[in-house]
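Listed below are the residues making up each chain.
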Amino acid sequence: MGKTWRVRLALITVLLTMLVAVSCSKKAVETDPAAGITAQETMTEETSDDAAATDAALIAEEELMKKEAAAREEARTAFQDTDIYFNYDSSAVQDSDIAILEAKAEWLKENPGVRITVEGHCDDRGTTDYNLALGDRRAARAMAFLESLGVEADRMVTVSYGEERPLDPTASEAAWSKNRRAHFVIR
Amino acid sequence: MKKTYRIIVQTLLLMAFLLSGTPSQAEDRVQLRVTNPFENKTPVAVPAFHIAAASDHEKELATQAVTLLQETLAFTGYFRMVNPEAFLEAPSQTGITEQDIHFDRWRSSGAELLVTGSLTVSGQAIIGDFYLYDIFRQKSLFGVRLRGAGSPDENLRPLILKLADKIMVTYSGKHGFFGSRIAFVSKGSSTPKEIWTCDFDGYKPAQLTRNKAITLTPAWSPDGSKIAYTSYVNDKPDIFVQGAWPGARRDIVTAKGTTNITPAWLPDGQMMAASLTIEGDQAIYLLTQKGKIRKRLTRKWGKWGIDVSPVFSPSGDRMAFVSKRSGSPQIYIKNLNNGRIERLTFDGKYNTSPAWSPTGDQMAYAGFKDGHFDIHVMDVRGGRPMQLTLGTGDNETPSWSPDGSLIVFSSTRKGKSSIYVMNAYGTDQRQLVSLPGEQTAPVWSSNLNQ
Amino acid sequence: MMQAFTHYLTGGDENRFLTLAVLFSLTGHILLFTLSHVLTTSGYKPHKTPRSIDVDLMQTELPPPQPSKESVQAKSSAKPATPSTSAPSKKATRKKTAKKVTPPAAKSFTGKRPTKRKQRVITPDELVQNALQKMAKETSKKEPLSHRLNRLKKEVADRKAPETVGANDGAATGQPTAVQMSIKERYYRTIEVIIRKNWAFPTQMASSKTQLKTQIIFTVMPDGSVRDVWVSLRSGNANFDRSALSAVHKSTPLPPYPAGITDQKIPFVIDFDVSELL
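Just so you know, the sequences run in chain order F, P and Z. Residue numbering for the first sequence is 4 to 190, as defined by the numbering used here. Residue numbering for the second sequence is -6 to 443, as defined by the numbering used here. Residue numbering for the third sequence is 9 to 286, as defined by the numbering used here.
Don't read these hints as lab results, they were simulated from the structure. These numbers come from a predicted model, not from an experiment. Be aware that one or more of the hints could be misleading.
[What the hints assert, rightly or not] Covered by chain P, according to a simulated footprint, are these stretches of chain F (three or more residues, beta-carbon under 8 Å): (1) 125 to 132; (2) 176 to 190.
[Claimed, not checked] Within a straight-line C-alpha distance of at most 25 Å, the following computed DMTMM-like cross-link-like pairs (lysine to aspartate or glutamate) qualify: (3) P:K159 with P:E91; (4) P:K229 with F:D127; (5) P:K296 with F:D98.
[As the list claims (entries may be wrong)] Derived DEER-like restraints, expressed as beta-carbon distance ranges: (6) F:Y91 with P:A248: 28 to 36 Å; (7) F:L67 with P:R243: 50 to 58 Å; (8) F:A178 with P:L441: 56 to 64 Å; (9) P:L441 with F:A174: 54 to 62 Å; (10) F:R118 with P:P151: 29 to 37 Å; (11) F:A174 with P:K197: 26 to 34 Å; (12) P:I245 with F:A74: 41 to 49 Å.
Backbone N, C-alpha and C fix where the C-beta goes; we use that ideal spot for every residue, glycine too.
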């Protein structure tokens, strides 16, 4: 973390110095637009021009990178935050969740280095033992669906938490349906 | 010789008389019939024990002893303690032996049995003399001297439990469950679920595992020396075995497979069964305590199949388990000799947590009906289940006492889940432990020190 | 264990002859009754009209047993019809005539429970009427065992609470009797009810596989005292036998014969059994 910051700080300092240099040299060019510039000057000027262009590109690229990073981050967050849900005592993927899984598969293909854990969860209307198994089935089926969409199986693992980690511990249909889910975590 | 001869002749004459007399006598008798007793418990009188040299502390010990015996006998569900106000005699003052007891005075107390006792505390030992009397027969059923070496405070409880067992054996012909323990899962407000143990009556609950990870589904080894369980020590559910004392070493049984859960012991105490996902589906396997797979016990019936919660009959020839093969979780029994599997439960859409009775003929389980889980019991050969808990909160995970007379279970009847006990016919439901947090999944061990 | 029980059931070691005799007689009796059962297949059969009516008290609400004892007292002082609130006299309470026992089991118990509270007296007749009416009302109803056990528990608990005067008046009087009975039959039912109410046995001790049945024989004298109590058929569960025997002993003395019975003594045989387990 500290190292990254130091690098960034250094980069910013260099860029600022360059900017000052560019504005100075541009003034010089304006005051003496005619020829009679020494090779060295030309050289300098050429260097300055070149540097300015490079700098602009760098800035743009930096901004783009930032945007892209933000977009990536957003996609990443969306990947982790979007769960799919199941019916009571069922591990079948619902039609309404197919689009979500397709988006996840797409993203995983765009990010081949990413490895994930698929978590299976249940509501607490059931037995601890059976729900551990049911959670495993849910995770396994979600993973199998992603695999069928082209995601390599060795990038994914599953874990069942049964009814041990409810999102909403209250006893209501709303809470139960929220808790019957598969959750996707980037490792 | 002559006397013996006379006795024999007299006896034969008497027998001849009885043989000839009885039938006609019987035929003239008015015949009555009473079906089912009016009271479901035997009334017992346990008056104060005598204590020899009595410092205040020793007197306190004697009081504790009587209270503990009364509570222990009442806990069995077989006895009702008669109110001491009905006692017309104080054996602690008038004597505890047969010649000191005036049975006619005890008759009026309403008790059928009487326990008297005398304690002697000498330094680092406690000695107790105890008698059990049948008040209406006016007879001593036993007299026994019990000794506890060591600190009297620590030895009083084992001594009284030994006495309670002696009473049970005399009364019912069978040992009680006073040497058994109960393991359960407890979750604090900020700590994960861990396994705890306590005595059969909820005495001295103590944390057993310190896994700092979700720990579930405890299962006692048949001799009560070890506990197998499911834990997320390695960030996924795996099976572990640990000695049943605090600080005992934890050994992993399984690692392969994503969800390795619900261990059970075979009656021999060597092999185990558990539900594993090593072949994709959640199936039950026979394995060693080191995790070596010996055999698959439930066949593959679908890619997404679920077979969990194995439990063995006391003789080990059959295994009950929960399967989703019919669409919803139901209890099945597999005959391990011929491999045949039969479905046991048909009532309702969710029947789990099978618990085989120590007598071998009954199955307790949790069934979901009308929005609640309730404990049911049914014949292992099938038939109609009997509902034991009645729709107050969720009542789950039944487990039998080693003598089959009581069932321990978890219930949310008072809001947060806690451990409860009832008689095997559903009566006398009461809370066993009072701990912060939530308690679930109680399991009863065998008698450990008998 | 077995030894202890044999010892205790045979009456101890007062006399070698007696012990021997009892052992022989017991063996003889068991043999005999087993034989008679094998031969007649259903044991003692009443000769004419069936004398035995099964009164299932678990399904009936009964006045507490204390009052029934009171009534015994009241009856013996020859005021059977007048219900009155009377505390037993100290004298009566202390009166004990536990004669020295002459084995096998010729015991006569006339001990009485001391009662501190005032209680309404209910005659055995009322008691039987109550039971029969309740029975008639509830025979069609069937409830799960657990319900019944719970209710039984409650009844037992209620039994300890003092009875409010007149609580059973409505049920006890006025309504016509469903079953008309002779004086004798009514007396027998009274005895049956009293013994049942004194019978305490944890039904969960009875294994579902074996049908428990014990038979006790005894003789009731005109004054209600009981003689020659013995177990004529054992259940195989010593505790079950003990509980049945205790029920008879606890019930003594029984009410004296009502006017109209002129027998010198009435011999009884009573079956104790447990049904409706799993």
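Hint check results:
1. 125 to 132: holds (count 5)
2. 176 to 190: Contact hint for the segment 176 to 190 of chain F vs chain P: violated, 0 residues under 8 Å.
3. P:K159 with P:E91: Given pair K159 of chain P, E91 of chain P holds - Cα atoms ~18 Å apart, limit 25 Å.
4. P:K229 with F:D127: 19 Å, holds
5. P:K296 with F:D98: At roughly 20 Å apart (the allowed maximum being 25 Å), D98 of chain F and K296 of chain P satisfy the hint.
6. F:Y91 with P:A248: 28 to 36 Å: 32 Å, holds
7. F:L67 with P:R243: 50 to 58 Å: Holds - the Cβ-Cβ distance for L67 of chain F and R243 of chain P, about 53 Å, lies within 50 to 58 Å.
8. F:A178 with P:L441: 56 to 64 Å: 42 Å, violated
9. P:L441 with F:A174: 54 to 62 Å: 38 Å, violated
10. F:R118 with P:P151: 29 to 37 Å: Hint violated: Cβ distance 56 Å, outside 29 to 37 Å.
11. F:A174 with P:K197: 26 to 34 Å: At roughly 33 Å between Cβ atoms, K197 of chain P and A174 of chain F fall inside 26 to 34 Å, so the hint holds.
12. P:I245 with F:A74: 41 to 49 Å: Since the Cβ atoms of I245 of chain P and A74 of chain F sit about 43 Å apart, the hinted range of 41 to 49 Å holds.
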